[in-house]
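K.L.:
Chain order of the listed sequences is X and Y.
So in the numbering used here, spot 170 of the first sequence is number 171, and the numbers just go up one at a time.
So in the numbering used here, spot 49 of the second sequence is number 738, and the numbers just go up one at a time.
Keep in mind the hints are simulated off the structure, nothing from the lab.
Among these hints, one or two may not hold up.
Negatives, chain X to chain Y, calculated, CB over 10 angstroms [as the list claims (entries may be wrong)]:
#	residue
1	Tyr148
2	Glu150
3	Gln191
4	Trp192
5	Arg207
6	Thr212
7	Glu254
8	Glu348
9	Leu369
10	Leu371
11	Gly468
12	Gly508
13	Ile540
Not the full set, but computed from the structure, chain Y residues with beta-carbon under 10 angstroms of chain X [stated by the list, open to error]:
#	residue
14	Pro691
15	Met705
16	Leu768
No farther apart than 35 angstroms at their CA atoms in a straight line, the calculated lysine-lysine pairs in the DSBU-like style are these [as the list claims (entries may be wrong)]:
#	chain 1	residue 1	chain 2	residue 2
17	Y	Lys763	X	Lys412
18	X	Lys359	Y	Lys803
19	Y	Lys781	X	Lys366
20	X	Lys163	X	Lys75
Glycine residues also receive a C-beta, built at the ideal position from the N, C-alpha and C atoms.
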Amino acid sequence: MLRLTIKNEEGTREFEHESGPLEIGRGPERNGAMRCVVLDLFVSKDHVRLEEFNDGVVNIENLSGKARVNVEGKEPVAPGETKLFVLPAAFRIGNTRVSIVNPSSVSGNDELVAVDPTFAFSPVGDRERPGLLSLEAPPSAEKLTTYFESVIALQQIPPGTKDYYDHITRMLVSLIGLDRGLVLLREDHQWNVVSRAYKDDGGGGRDFSQTILESLLRDKKTFFQPCPLKSGTESLLNVHALVASPILDDKQEVVGALYGSRGFSLRSRNLGSLEAKMVQVIASTVSIQLINKRQVESAFEMRLARDAAAGADRAKSQFLASMSHELRTPLNAIIGYSEMLSEQAEEDGLNDIAPDLKKILAAGKHLLALINDVLDLSKIEAGKLTLVRETFDLKELISDVVGTVAPLIEKNGNVLDLKMAAEVPAVVGDSLRLRQCMFNLLSNASKFTSKGTITLDVDPIVDNDKGWVRVRVSDTGIGMSPEQLARLFQSFSQADATIARQYGGTGLGLAITRKLCRLMGGDVTVESEHGRGSTFTMILPQQSEVTA
Amino acid sequence: MPKILLVEDNEMNRDMLSRRLERKGFTVVIAVDGGEGVAKAKSEKPDLILMDLSLPVMDGLQATALIKADAETKPIPVLALTAHAMADDRAKALAAGCEDYDTKPIDLPRLLEKIDKLLKKS
């Protein structure tokens, strides 16, 4: 083992070298060799290789092609030359003096620190601007154990709390050995310090540099400066060593940073890359924990929102159900009594009030139809309308509907032409809803046609190997323009606002019909020409699918 | 004049229907729940019963079943009335022994036609 002391204008560094060749100077890193860079060697381009042999014999190889290496009391080593010396020996390369001590010959309390080449010599400076020889004692096994325990302990603290961030800054100072430890969070494009810890007086200087933080935002990786740079940027001049590691969210965006530094003083130690890695590991842990926290929170918020929506849905259904009852009860009285009174008025020949009573009755019936339609529509839209699946005789249903709609058809002096295929198969579906759809189409046709013909065509068809029932309702009525057709199946949009006044109706019938048809696995379409009449075609599966 | 027993819990509906039927020349007796309906069917011996299906205490289906189980009241035709336009209500009413069925709100001409038909039969 070699113990070396290297001294020049920049300061003094001591280190031990366990075994293998050691290079001091500038030049490409070589496999299996340690390399130290001594600042002022750069100028002279001297480059020395040391190798220890048995019995304290040291081989000094001058790799430089220009300058000589002066060995104290001995002859100089010329460029390209190799010489063996017996320890102790000291030599100079430019203004740098290197002393070599054989530790086996040193007695007393000199503490020897084991040196691991993987981190003892951090890459210092760069090719153009070599730094001082970087020497760091590696963390001891005990220190590493404490570190790991502390990282594990961090994971027990609720992330994002003051305790959590304080634990981190304490780790930076007391475990990593930084003078200053900070946690910053980025909110609204601002860096806010959420926790800070100092060793002693914090070593002076600024807590953090905006320039470094901006570089984190840009690079999204740990910034590490192990030792002072001879000509650093302004932000680096007042610190000896610095490490800043970003906290990233799930989209790899920088949401915060851990920031630790050592103040500039002669006593300051350089920062090892392992120590920087230790900070980076804490930052990754924080990133992961904050992401987890946010995911748990957003899942919780989603559940709350879903519960609230379900609650609102239930409240809406409940409201509709009670409104249905509350509105219908008084309405039934209005309809019932006005009907009764208008019957009596007609029978008793009270011609002055009979038409008024009939108007009350008509308005009441219209309001009831509107309430029923709105309830139907909201049930369909809320997915609350369940279809019944039953087998029924289509012919019977049609003659039933025709019977119901007959007074409406006759009212405007229309005639109904019923064309039904001789063989109509039994249908599996919801007869009540099919009846409702057919009634809507037939009552519309009779409403908008006068002294004309309404044709009801019913025939089974086969399409895609599936049986369908086609119901066509044609009229010779007023028909619709293309603009009117476009809005036809929308809720509350009769083809024209004036239509409602002239012809009555809620404006919901066709919207409900279309929604019901689609719910039943079919559809309803329309063809119409202004002034010529309209044809509504309803196609429904002969056997409805099983509805959940 | 034919006597009709109207079993209906809603006061307004009861008032309207009984007055309209009375104007058509019927004698109308009323009951406000299923139990009273069964009792009046026995005591009043009506020619026909109009039975609301959703009644308090004892519903219309149960009352009809009791009326039809008693030999004395069994021949009286029962016409069920319900607010629910559900297909299976019709089946339930017929299963309980009702002779016919009509839905509310009342369409008087249609109801009168059904009443006439049942009275002619019995």
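K.L.:
Now look at each hint and say whether the structure bears it out.
P.N.:
Here's how the hints hold up against the structure:
no.: 1; hint: Tyr148; verdict: holds, 74 angstroms
no.: 2; hint: Glu150; verdict: holds, 71 angstroms
no.: 3; hint: Gln191; verdict: holds, 65 angstroms
no.: 4; hint: Trp192; verdict: holds, 68 angstroms
no.: 5; hint: Arg207; verdict: holds, 81 angstroms
no.: 6; hint: Thr212; verdict: holds, 77 angstroms
no.: 7; hint: Glu254; verdict: holds, 58 angstroms
no.: 8; hint: Glu348; verdict: violated, 7 angstroms
no.: 9; hint: Leu369; verdict: violated, 8 angstroms
no.: 10; hint: Leu371; verdict: holds, 15 angstroms
no.: 11; hint: Gly468; verdict: holds, 23 angstroms
no.: 12; hint: Gly508; verdict: holds, 22 angstroms
no.: 13; hint: Ile540; verdict: holds, 23 angstroms
no.: 14; hint: Pro691; verdict: violated, 19 angstroms
no.: 15; hint: Met705; verdict: holds, 4 angstroms
no.: 16; hint: Leu768; verdict: violated, 18 angstroms
no.: 17; hint: Y:Lys763 / X:Lys412; verdict: violated, 42 angstroms
no.: 18; hint: X:Lys359 / Y:Lys803; verdict: holds, 25 angstroms
no.: 19; hint: Y:Lys781 / X:Lys366; verdict: holds, 28 angstroms
no.: 20; hint: X:Lys163 / X:Lys75; verdict: violated, 64 angstroms
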